[in-house]
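A.B. asks: Given chain A's structure and the hints, the job is docking chain B onto it.
Number of protein chains: 2
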Amino acid sequence: MGRDEGEDGADRPTVTLSPSAEFPALRPEELAVLREVGQRWSAAIRDRPADWDELPLDPSLDRYRHPPTPSRFGRLARIEMFKSDEPDQLLATETANLPQSGAGRVLARLRRGILGPPLASTAVLQERMRKLVALPVLSSDLLSSVAYGPEALLAVLVLAGSGALNLALPLAGAVVLLMIVVGTSYRQTVRAYPHGAGSYLVASDSLGPRFGLAAAAGLILDYVLTVSVSVAAGISAITSALPGLTRFTVPLGLLAIAVLLAGNLRGVRVAGNLFAAPTYVFIVAAVLLLVVGFTQAGMRGFERLPTPPVTAVEGLTVLVILRAFASGATSMTGIEAVSNAVPVFKPVEWRNARTTLTWMVSILVVLFAGLSLLIHLSGVVPHPNQTLISQVARQTFRTGPWYGFIQAATAMILLLAANTAYQDFPRLLFFVARDDYAPRRFLHMGDRLAFSNGIIALSVAAAIIFLAFGGATQKLIPLYAVGVFLAFTLSQAGMVVHWRRHRGRHWHRRAALNGFGSALCAIVLVTAAVTKFGEGAWVVVLAIPLLVLLALRIRRHYDRMHHALALRPPSVPAGGPGQPAEGGGPRDRAVGGDDQESEQSPQDVRHLVVVPVARLNLAALRALAYAASLGPPVFAVHLSPEQEEADRFREAWQTWGDHLRLETIITPYRAITAPLVQYLDSLHKLRPDVLLTVVVPELMVKRPWHRLLHTPIDQRLRRALRGLPGVVIASVPVHLPE
Amino acid sequence: MGRDEGEDGADRPTVTLSPSAEFPALRPEELAVLREVGQRWSAAIRDRPADWDELPLDPSLDRYRHPPTPSRFGRLARIEMFKSDEPDQLLATETANLPQSGAGRVLARLRRGILGPPLASTAVLQERMRKLVALPVLSSDLLSSVAYGPEALLAVLVLAGSGALNLALPLAGAVVLLMIVVGTSYRQTVRAYPHGAGSYLVASDSLGPRFGLAAAAGLILDYVLTVSVSVAAGISAITSALPGLTRFTVPLGLLAIAVLLAGNLRGVRVAGNLFAAPTYVFIVAAVLLLVVGFTQAGMRGFERLPTPPVTAVEGLTVLVILRAFASGATSMTGIEAVSNAVPVFKPVEWRNARTTLTWMVSILVVLFAGLSLLIHLSGVVPHPNQTLISQVARQTFRTGPWYGFIQAATAMILLLAANTAYQDFPRLLFFVARDDYAPRRFLHMGDRLAFSNGIIALSVAAAIIFLAFGGATQKLIPLYAVGVFLAFTLSQAGMVVHWRRHRGRHWHRRAALNGFGSALCAIVLVTAAVTKFGEGAWVVVLAIPLLVLLALRIRRHYDRMHHALALRPPSVPAGGPGQPAEGGGPRDRAVGGDDQESEQSPQDVRHLVVVPVARLNLAALRALAYAASLGPPVFAVHLSPEQEEADRFREAWQTWGDHLRLETIITPYRAITAPLVQYLDSLHKLRPDVLLTVVVPELMVKRPWHRLLHTPIDQRLRRALRGLPGVVIASVPVHLPE
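Taken in order, these protein sequences are the chains called A and B. Numbered continuously in the working numbering, the first sequence closes out at residue 854. Numbered continuously in the working numbering, the second sequence closes out at residue 854.
In isolation and in its complexed conformation, chain A is listed as follows (with noise of 0.2 Å):
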């Protein structure tokens, strides 16, 4: 956590979102040994000849500063691929980016046509989002979760038959209460941590790593269910009003979920407009809904219709009440999106999002309390085929236009609430792979400053959740709450210690604030895992585990990595190499370090070319002639199946006038691979000092298949050597025609 222990951070550049996060800068003392291993260089350079680094030409591509020439059409002028405004840089143009080949060129204009075209770094400032797009694009799952949290809890207090559902309300009133604690709880962290990335980030700050990984793994397990929930919810929004869609259910969903992926590999400011309008849609429905609801109650003096009976399948007991509030809270699912989110916001980011967050839970609250009332006045009881939103907005507005209007907003922001984790899910993994905990290839930033690898994890993860419950939305309830909770509770217990920490204004009060909700937030997790742990929250208490021990796993070899990539001071030079060498000529320069593959400077590598010849053909030649006129000493290896194929060649070789010398190796059981790599280990053995490099002839055919007719010596080489220190593998390309 070493990059991001500040202090209270308003004041922090907001660097963290940048694409250079793939190139840390180098730390004081790396640049201290960098200086020292520069000076060992100089020694080295010094006895070069004067003209040593003259180049053949001018790597600044002198050539396209030129005014375009008209090409051989006549009228084509050249494109620009590189342009260059100061000397020793240049500035790749978008055409740099497409690849050579016409296939490859193809498939990059389609994608591009889907995608949209590359977006430059500078615009990554410019893809922020103000107030009134941030809470659309945020909320949709935290305000799409009362389409199915309060049937979640109806669906448990229902297995205690119908009488049971009078203590919905009394529930719902202590979700409401959870909302406020955990909203004004976020209110306080999104300050504190004006960069984002919430519960991990918070949790790892101030409990430590381990915690914050497993907040990390909570909310990772969160995202990708709740894309899988999200979109079953919406699909199963459009079957109550569509009942002939209903076999269609998992298609429905998988194409939802590739919408979702194309959307947001698009990029963040085009996936915010997409996504806007329905939240507001869906907010304005639901408040008709509860506006019309409640004056047709008014109108009946608030009386409960009557309810249907219900058979108890099981007695009322503790266990039942805590199931149905665990799966309840499922409602808040999506409150800690802002928190996560806050360097999306245009400046300054931790206030708008603050306020943002306040809006979300207001809404929240109302249409969670409002939905909630209504659903008990109307006295409606969860159905299998039919949602609970479904069955009050008929009674409500019986089926028709208005009933219409009210299932495709609930659908059309189920299926886009899935986007909150689109936006989460990327840039979490982000700061977790900043961190060293997941794979680096997460830092990368797409070409539409979209996280484009973290995007795709996630749909093709949801896909299969999505897939393996068959889109089943109380079946992946019990999974949900878990993952969940437990970013929640750790978050906040994390706050208490900060605040702890720093002792500012008002210390005690937010502390107490945080601790108030972390306890809540702890019971509900454990009221979940225990209560639902047979019904698949098994799974996530499973999955947190391996995913923060696969983490530390992670972390352990980038550590590793580190440590070994680290740059070295240049040890003073030992009297010689580690084995002495036998014959080794006048070349006795002195190395540095015992270890091999240290070499840092250039007087520290002591070159050895190997070519492995099968025939004497032009390809042979090529390499022969690479080698030779590289500058180091080089031999020649032939491989032979038989004596007299050894002889046979060995005359060639001296018809072409035996200018290196040639080692025969004779393998009678025919294999070429195998003994030539013992054969280059021998020799490493011999001189570990000595640093191999192996020049091969490499065939590049013209059309794929025609690979098939050759046998690719040197890609089994590269696999074969892959073990062996001190072996460079140099392949000389013979571009065959087609």
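Treat the hints with care, as some may be off.
Chain copies aren't distinguished; within one or between two, either way the pair holds.
[What the hints assert, rightly or not] Taking lysine to aspartate or glutamate and the DMTMM-like style, the derived pairs with C-alpha atoms no more than 20 Å apart in a straight line are:
1) Lys591 to Asp675
2) Lys801 to Asp763
3) Lys818 to Asp552
4) Lys591 to Glu651
5) Lys591 to Glu430
6) Lys818 to Asp797
7) Lys247 to Glu465
If you are wondering where the hints come from, they were derived from the structure by calculation, not from laboratory data. Keep in mind it's a predicted model, so treat the numbers as computed, not measured.
C.D. replies: Just chain B now, kept in the frame of chain A:
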């Protein structure tokens, strides 16, 4: 066919099946060019320092000739991987063929346990067969055909009702005549072409390569079908005896193919021993059946038993008769096996082969004629769940041990008949590949001296066909006749041309015999193709020209490759490179040749080394040190997503000492590979005579899953640079700890 246009070849050396076919000798004109190229090298080498070719180590692995020293375990001696008898020559021992990695070694040992230890190339002569071993190995296909041939004949006749069965004996007589003619014809072929390859070689040699390829294509399909049909018929011999196994037909067949695959990968000698006994057992069983059957028939005065009445579904047309004849002629499949396999006989090969062929045809005629007659006398008709032989055997011996013996022997030889195809298919592919009409990998002898690639290809193809037809023998028969009779026809037409061309003793008589055979086979071929077209023969009729076309395309590719790789006389040094250099500096050496990638001697090569650097860590510094120590001029290029990152990198570069020219490319779209490739392409276009060497560090991880944590820039570069001429990629390995 250039290499095989021999005379009456009895005294040509038997080099055809040598493992060095992969390394053909250079032709005199190639040697002349080689000498000329070598003289240009002399000029290049002359200017070198005196110690230039002194190597820092002894490539003869001098150290390995010392007596083995105790290892750190105190007792184990070092395993010698290379032995050396002559200077500059090493002999790879068996150990040198083992892979380096632990998992690879375990796999290799497991493979050896199943397939046996590798055999040295010098063992190729010992892997020859005596006549008494060759007879069963090569004749199992031919002799086993009598198990389904007579049945295939009757199965067609019976369509015209039981009355048509009277035609069975005359038709069988016609088939016997055909057998004798074709057998005698092949005797002449074996003598004339002692190197084997039968139809392919004969037809290519006399009629031209296209006819040869048509014959080869016919045989290739024939061999694949031999495996499928024999396995299918073998399994139905088993299920005739044990009806309970009928539902396991497909898995049993696949198991049989797997056993054949493993057995044949072990190599030719073991396969011979393994498959000798069952053929003899089958001959004994068949003769026993004939003797007892005819004795019983004789006791009742050779009276024909009553035939169960069968309703005619077709009229007795000429078409039905011809179709029955063509189906019965499948009893001859396998007659060409000896002529293809002459070289596996002990010397004198052709004489032993001819004798064996005579034996085989004699046994075939006795068994086919005898069984046809016995079936006729027994009055049995084809039955879907019981083979004819099974019915006759049940009638003769009652169901009991003798019946079981007959069925077991039949099943055994049928299951093993496929082995003939395993002998011939890879050998045929070897000859086709030696003429560049098939992928060169079919030239490669495995470490058991068997052509592993051909054996595996055959097994896969046969298994697919077996699966596609559900293991039903009679459905496969229509596909069978076309390919094999095409090969017979072409082979014997070729012999006619051969005799006419050479006009030796009795050439008229010999040509007449082969001509007669050819004509008969052509009639069968046309009959089979026309009458069975709708039943599946169309697949073969279509596949043969496609295979020929494919072979011609492969040949064209290899021809172009040979032309492209042929040694060219070095052209007179031109005035300068194709495009004049701008600011090329004092290194204006002349370049030879005016096309790209034609450098054949060191002075033709003009180097420029490019090192792409992402971060200044140990890996980058190693790549820079490697590049700078090689000799040619070097510059570095850094791709940056943002201006600030580029400035930061340049500062670090200054800190290091700015020892090399640095070019920065800003890629605002964050792609790395595409702009780099475009940049290299631009450099190449600027000076096509300069060979660019791109030095990239390659991170090597210990565990496979760690690869997911890294972006393999060098692999992506290599793939992207596939189309670019004049760019060498050298990857400097950096091994990461676990």
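A.B. asks: Now look at each hint and say whether the structure bears it out.
C.D. replies: Structure-based check of each hint:
no.: 1; hint: Lys591 to Asp675; verdict: neither (40 Å within a copy, 64 Å between copies)
no.: 2; hint: Lys801 to Asp763; verdict: neither (28 Å within a copy, 43 Å between copies)
no.: 3; hint: Lys818 to Asp552; verdict: between (40 Å within a copy, 18 Å between copies)
no.: 4; hint: Lys591 to Glu651; verdict: within (8 Å within a copy, 53 Å between copies)
no.: 5; hint: Lys591 to Glu430; verdict: within (18 Å within a copy, 63 Å between copies)
no.: 6; hint: Lys818 to Asp797; verdict: between (34 Å within a copy, 17 Å between copies)
no.: 7; hint: Lys247 to Glu465; verdict: within (10 Å within a copy, 92 Å between copies)
Checked against the numbered hints given earlier, this structure breaks hints 1, 2; the rest are met.
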